[in-house]
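Chemist: This is what each chain is made of:
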Amino acid sequence: MHPAFLGLLTIAIGVGGCVAYYFFSNWVLDNVLFPAKGPQAGRNINRANLIRPWLFLFPAMIALGLYLAYPVIETLRLSLTDRDQDGAFVGLANYMQMFGEPKFWEAMRNNMLWLIVVPAMSTMFGLLVAQLTDRIKWGNIAKSLIFMPMAISFVGAAVIWKLIYDARPEGTEQIGVLNAIYVAFSGGAPQQWLTLPIWNNFFLMVVLIWIQTGFSMVILSAALRGIPEETIEAAIVDGANPIQIFFKIKVPQIKSTIMVVWTTITLVVLKVFDIVFAMTNGQWSTQVLANYMYTQLFVANDWGVGSASAMMIMLLVTPILVWNVRNARKEMR
Amino acid sequence: MDNIAGSKSSLTWAVHISVAFLVALWLFPTVGLFVSSFRTADQIATSGWWKSLFPSEQNLTIRSAAPDTQTQDGALYVIEGNLFDGDEAEITAWGISSRAISDYTPGETAELRKGGRVTVQANGDYRMENEEAFSGKRGTRIFVTATKPAEFTTQNYENMLLDPKNVDGMAKAFFNTLTVTIPATIIPIVVAAFAAYALAWMDFPGRALLIAIIVGLLVVPLQLALIPLLKLHLGIGIGKGYLGTWLAHTGFGLPLAIYLLRNYMVGLPRDIIENARVDGATEFQIFTKIILPLSFPALASFAIFQFLWTWNDLLVAKVFLIDSTGQTTVMTAQIVELLGTRGGNWEILATAAFVSIAVPLAVFFAMQKYLVRGLLAGSVK
Chain A
1 MHPAFLGLLT IAIGVGGCVA YYFFSNWVLD NVLFPAKGPQ AGRNINRANL IRPWLFLFPA
61 MIALGLYLAY PVIETLRLSL TDRDQDGAFV GLANYMQMFG EPKFWEAMRN NMLWLIVVPA
121 MSTMFGLLVA QLTDRIKWGN IAKSLIFMPM AISFVGAAVI WKLIYDARPE GTEQIGVLNA
181 IYVAFSGGAP QQWLTLPIWN NFFLMVVLIW IQTGFSMVIL SAALRGIPEE TIEAAIVDGA
241 NPIQIFFKIK VPQIKSTIMV VWTTITLVVL KVFDIVFAMT NGQWSTQVLA NYMYTQLFVA
301 NDWGVGSASA MMIMLLVTPI LVWNVRNARK EMR
Chain B
1 MDNIAGSKSS LTWAVHISVA FLVALWLFPT VGLFVSSFRT ADQIATSGWW KSLFPSEQNL
61 TIRSAAPDTQ TQDGALYVIE GNLFDGDEAE ITAWGISSRA ISDYTPGETA ELRKGGRVTV
121 QANGDYRMEN EEAFSGKRGT RIFVTATKPA EFTTQNYENM LLDPKNVDGM AKAFFNTLTV
181 TIPATIIPIV VAAFAAYALA WMDFPGRALL IAIIVGLLVV PLQLALIPLL KLHLGIGIGK
241 GYLGTWLAHT GFGLPLAIYL LRNYMVGLPR DIIENARVDG ATEFQIFTKI ILPLSFPALA
301 SFAIFQFLWT WNDLLVAKVF LIDSTGQTTV MTAQIVELLG TRGGNWEILA TAAFVSIAVP
361 LAVFFAMQKY LVRGLLAGSV K
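These protein sequence lines are chains A and B, in that order. Mapped onto the UniProt record's numbering, the consecutive letters of the first sequence carry residue numbers 1 to 333. Mapped onto the UniProt record's numbering, the consecutive letters of the second sequence carry residue numbers 1 to 381.
This is chain A alone, in the form it adopts within the complex (with noise of 0.2 Å):
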């Protein structure tokens, strides 16, 4: 059968099937199980009121509960056991065999280098692009353009940025705008930008830069025209220059959404995979925690490595988690 057909199945089927459990589910309780009639109608309909969330949530905690909180615990179990002695208890081996290894310590070395830069420049920018569009006739426009990259695959961007990192022999004509740029300012021969240690990482950075600026440009940009006029007025009545009333007034204000940003902008850094694997592969020193793990598990096939690697992630996370989880119980209160 054509996949297409298949696809098409699968919407009919899955869509189909959800809607039917959920029309038939509530049909069942409220006509056969706890009529809203007869004697007991009234403690009937409440009956139905307690087990009616459960009907509605089944299907999405099953699903929650089977591709993301099972993993976790999986994960966990698999680092620490052995695979090829069948799964057998090895309490902290893996974790000892990865620590021993210099690609992990480089990919963590590195994964800090991205912790650092990524978010603080794509924050960064993005303030500085929803400060400045913010007072100017074709400000969304601009917004607009800059925020496109979001929408490009990392692996598209990942051509797009080899095509800038481009390098040709020395003595013909550069095809990348960089080599380019480099060859005639400093007369020098072109460079292979992706196979310069330690530069290179930041080669790859710039690509994650480029996209998740415009991520914090559209938060921060909302969140400067939530600010009160009256604090702004009462600056400039007091003769704040615009730059004090940026960083003075304007940053204060915002700065937990600054933070907000910070952490969403550091979960993508913390999973990027595509952008490595595709421009470099984690060779020339740029490896990083999530493409060091992708071949722990599919080239050296490690399973325990691989998921002990993989709980590395989940331990960098859990700080956001944790401090997420408290800010929404927080609002909803």
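There's no promise every hint is true.
As the list claims (entries may be wrong) - Simulated pairs of lysine-lysine, DSSO-like, Cα-Cα distance not exceeding 27 Å:
1) A:K255 <-> B:K172
2) B:K51 <-> B:K172
3) A:K271 <-> B:K318
4) B:K240 <-> B:K172
5) B:K165 <-> A:K271
6) B:K318 <-> A:K103
To be verified - What follows is a set of in silico ranges between Cβ atoms, one per label pair, in the way DEER data are often shown:
7) A:I116 <-> B:E90: 24 to 32 Å
8) B:R207 <-> A:G226: 27 to 35 Å
9) A:I116 <-> B:L234: 33 to 41 Å
10) A:M124 <-> B:L162: 38 to 46 Å
11) A:I73 <-> B:A41: 25 to 33 Å
12) B:E151 <-> A:I62: 36 to 44 Å
13) B:P293 <-> A:L9: 40 to 48 Å
14) B:L27 <-> A:P169: 24 to 32 Å
15) B:W13 <-> A:E229: 35 to 43 Å
16) B:P297 <-> A:R225: 15 to 23 Å
17) A:M124 <-> B:P269: 37 to 45 Å
To be verified - These stretches of chain B come out as covered by chain A in the derived footprint (C-beta under 8 Å, 3 or more residues):
18) 99 to 110
19) 338 to 352
Read the hints as simulated data drawn from the structure, not as lab findings. All C-beta atoms, glycine included, are put in the ideal place defined by N, C-alpha and C.
Dock chain B against chain A, hints included.
Modeler: Chain B in isolation, oriented as in the chain A frame:
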């Protein structure tokens, strides 16, 4: 906002210029790839794409027409024609030897080594004359330095999309991506909408805890799910394929879907729902007749997110979909493959990338309003 006090900022021009600069900087990479996808392999390899937008000076080697096209003009044998086949170009210098490619200016006449003379005009018209017949099979080589206007072709797209024999072609991968994306976008919306309604408008013990769990699951890296779920899929017989991929995308998209939709539904006016309850509507009717239509903006927001995410995804497809036959490869995976095998063939890479980027860009510009709304609602405050 800063001008409230009536002081027109003198920095306005600086602001305009810096915004224009930033926009140009952000657009430049994408435009580069876009322009490159309309150039031939030769053009890409010999000059930077930014030069292709303007008339550029190029050194070209062009052959005159073959001797069998010669005509007789009185006692002379003549070959006439245009070096650019009538295309617009301006010759600044030319030559007849690869060692001296700019010995002559337009209008001058050069003596050919094999006998005869050739005259080349600035627009590319040439006239070769000889007292004897020109011999040989091929025309004479003429070296020109010419300024040619920008020139683009759609040939790359024809090769990548319409040529069924091209093993690098993107047509199949395009449909595979589409096959992954559509069910993976629609199914989580249905499942999440019901759950979000229960979490927003039904009172039951444990509701707050469930919402907290969903906020927590929002950030769980999907990397953790790869091996356990692949084991599960292989164990229950789904194996690698579309079904497993749809299920995985559904599972991974649900927390955001529920979170977005619940936040939106909570904000709907209480009166409408309570009036409907008083009028005897069942919860199911309230949901389908009132909540769903009112929640359209939130549904659209999530649909765009999920669409972009599944369309652009590489990791889930590589783990859950693409088997060793490679029949089910998606565009992102195909592009990564091409990066490895066709690393220097920018006409192939640029076109493949743009085929994959085009659809999300269209969705982005058409539905940007909902995307922004979703982003604002979806970032945990």
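Chemist: Under the constraints set out in the numbered hints, which ones does this structure not fulfil?
Modeler: 1, 2, 5, 7, 11, 12, 13, 15 and 18
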